[in-house]
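Chains as they are written, first to last, in the working numbering: chain A, 1 to 296; chain B, 1 to 296.
There may be inaccurate statements among the hints.
Treat identical chains as interchangeable: a pair holds within one or across any two.
[Claimed, not checked] Pairs of lysine-lysine residues, derived as DSS-like cross-links and limited to a Cα-Cα distance of at most 30 Å, are as follows:
1. K250 with K111
2. K257 with K111
3. K249 with K111
4. K111 with K150
5. K221 with K40
6. K111 with K221
7. K144 with K221
8. K144 with K249
9. K144 with K40
10. K250 with K150
Keep in mind the hints are simulated off the structure, nothing from the lab.
Protein chains: 2
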Amino acid sequence: MNPSNEDDLITRLTRSWTQPSFVRLGLGHDCAALAPLSAKALPVLKTDALVENVHFLRTQSPRQIGHKAVARVLSDFAAAGAQPRALLVALGLPHNFSPAFLIACYAGMQKTAQAFGVALVGGETTRSAELWFCVSGFGLATAKTLCSRKGARPGDSLYVTGTLGGSGSGRHLRFTPRLPESQWLVRYHYPSAMMDLSDGLGKDLPRLALASRVSFRIHQKQLPLSPRTTADHAVNDGEDYELLFTVSKKRSALLEKKWPFKTRLSRIGEIVSSSQSSDSDGLILRGFDHLLPIST
Amino acid sequence: MNPSNEDDLITRLTRSWTQPSFVRLGLGHDCAALAPLSAKALPVLKTDALVENVHFLRTQSPRQIGHKAVARVLSDFAAAGAQPRALLVALGLPHNFSPAFLIACYAGMQKTAQAFGVALVGGETTRSAELWFCVSGFGLATAKTLCSRKGARPGDSLYVTGTLGGSGSGRHLRFTPRLPESQWLVRYHYPSAMMDLSDGLGKDLPRLALASRVSFRIHQKQLPLSPRTTADHAVNDGEDYELLFTVSKKRSALLEKKWPFKTRLSRIGEIVSSSQSSDSDGLILRGFDHLLPIST
C-alpha cells in the first residue's frame, strides 16, 4: 500500500465511514453540514488532540489508539451532559507512516464513534513531524441538562464513577466514555457541577472547586481504587476518564438508590465553603500535566 | 515569561478572548456551548491544521501565522456559503516554544476572528515535536444557501474571485477570506457549486468537476493573474484562498452586473458535459499537495 496522494489516502482511511441521514454534507466537501436542530438544542463543541509519544506510542495497538482519540472527546461531552453527534478528524502525518497502521487507527475511531451513535463526517490531512490526530466534536444539550464545572455548592456530595488510578498499565487506551451515565444523571438533574477526570482527581478536582469558588474534602478510604493501585495513584495518575460530579446533600440518597448502572458510583467527599481550606486527607495532589511527555 | 504549567499558559494565551452573549459555556470548561439556533439553521463544521515547516516557518510573523490559521477555516465556511460563529483552537507545543511568539500568534487569531464576528470559545494544549494549530469551526447555513462542490451543470459559467498565483511570496499569510462575497452570492442563489482554492485551481477545479460529474474548459487569457505571476503559477501555486464557483449561463450576466465588491470577479471558463474531455487551454494542472513539505 502506497497512497500516491492526499485524496487517495483519505479515500482509504474513510472508506468505512457511514453517513447517517442527519448528515447533509459529509466527506469530500469543504465543510460538513448537519440537519437543523430542535428549537431548544444548544450546540456543544469540543476539540482534542492525541499525539504520539505524549498520549500513545506507535508500538501500541492502532485500533486502541483510534479508540482513545475518539473516546477522549466523547468523555468531554459526557462531562458537559451533552450528546455527541458528529466528529471531524484532522490528521498529522509523518513521512514514515504506515498506511496499514493508519487504517487500523481509523477503524478504531469508526468503531467507537458508531458504538455511541456518533458520525465521523469530515477532516483534514497534513504532513507533520510526528503522528497526531485532532478530533473535533459537535453535540447537543439543553439549557436544563448542560453541565459545567461551575455550580458546586457547600454541602454538596462529591462523586466519581468507576475506579481511579492505574491508567499507565494500558487502561488509558481502553476506557469507556461515561455517556449513558452522564445522560441519565442530567435527565434527572442530579449534578450541580460535573467534569471528566482527564488529568487526575488531584489536578481536576481543584479546577472544579476553583470554577465553583468552593473548597472540598476528600476521604482517602472512600476512593475507588483500580486493581493494584494505591490512593496516591488514584489521585495522581491521570487519564481515568471517569465523571467527577457534585450532588446536593438532599438528592444524594436518591441518587445512590436509583443508580441503574453496573459502573461503580462512589461518594468520595463533600464540598465546603471557600472560607475553609480544601482537605485531601493526607494525599498530595499533583495530577498529570499533558505538557510533560510520557516517560517510557 | 515562563508559564509554569498548562493552566497558566492557557490563561496567558486567551486573556484577550471575548465571549459574546451567544456563548453559553466558553473558556475553562470541558466543552463550549452556544445559544440555540433558529429552526432552519444547519450546523456547519470544519477542522483544519496549520503546521510549522508545512504551512508556515517560525521565522515568519506570528500575528500573520495566527491570522492564517483562522482565515483558512473562515475561507472554508465561505466555500460552503456558511456563516462561521465559533472556533476552537488545539495547540501542539514543542519544548523550545517562545511564549511571546505564541501570544502574538493568538493575538493574530483573535484579531481575524473578531473582524469576521467569530468567537474563539475554547481549545486544548498538548506537548508535540513541532508547533501546530488545529482550528475547528462551527457555523450556520440554511438548506437554501448551503453550497458544495456538487451541482455544477454543463453550460454553467466558471468564476473565481480575486487573483491567482504568487502565494509563496507571502500572500498565503495575508489573504482575506471571501466571507462577504460568499454571503452575497448565496443570498441571491448564484452558485450552482462552490469551493475555495486552497490547493490551486489546477488541483481544486478537477475536484469540483469530479464531485459534480462534469468536465470543464478554462481560458488561459481570462485567468486573473496576481502581479508578477504567470498562468502556470496561477493554476499551480496553491493557497490562493479565493472562491471558485459556477453560475448558470442565464444568471451570469446579472451576476456580473450586480457584483457589488471591489474584489475582482473573473469568468475563467465554463462547465461541459462529462462526455467531453476537460480542456485547460494548454496549461498543465498540477496543484499543491499539502503532503509535500515547503521547499525553502
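Cross-check of the supplied hints:
1. K250 with K111: neither (40 Å within a copy, 47 Å between copies)
2. K257 with K111: neither (33 Å within a copy, 52 Å between copies)
3. K249 with K111: Classified as neither: same-chain Cα gap 39 Å, cross-chain 46 Å, threshold 30 Å.
4. K111 with K150: Between copies, since 29 Å is at most 30 Å while 33 Å is not.
5. K221 with K40: neither (42 Å within a copy, 53 Å between copies)
6. K111 with K221: neither (37 Å within a copy, 50 Å between copies)
7. K144 with K221: neither (34 Å within a copy, 60 Å between copies)
8. K144 with K249: Answer is within; shortest intra-copy Cα gap is 20 Å, inter-copy 51 Å.
9. K144 with K40: both (10 Å within a copy, 22 Å between copies)
10. K250 with K150: Result: close within a single copy only, 19 Å intra versus 57 Å inter.
Hint compliance for this structure: hints 1, 2, 3, 5, 6 and 7 are broken, all remaining hints hold.
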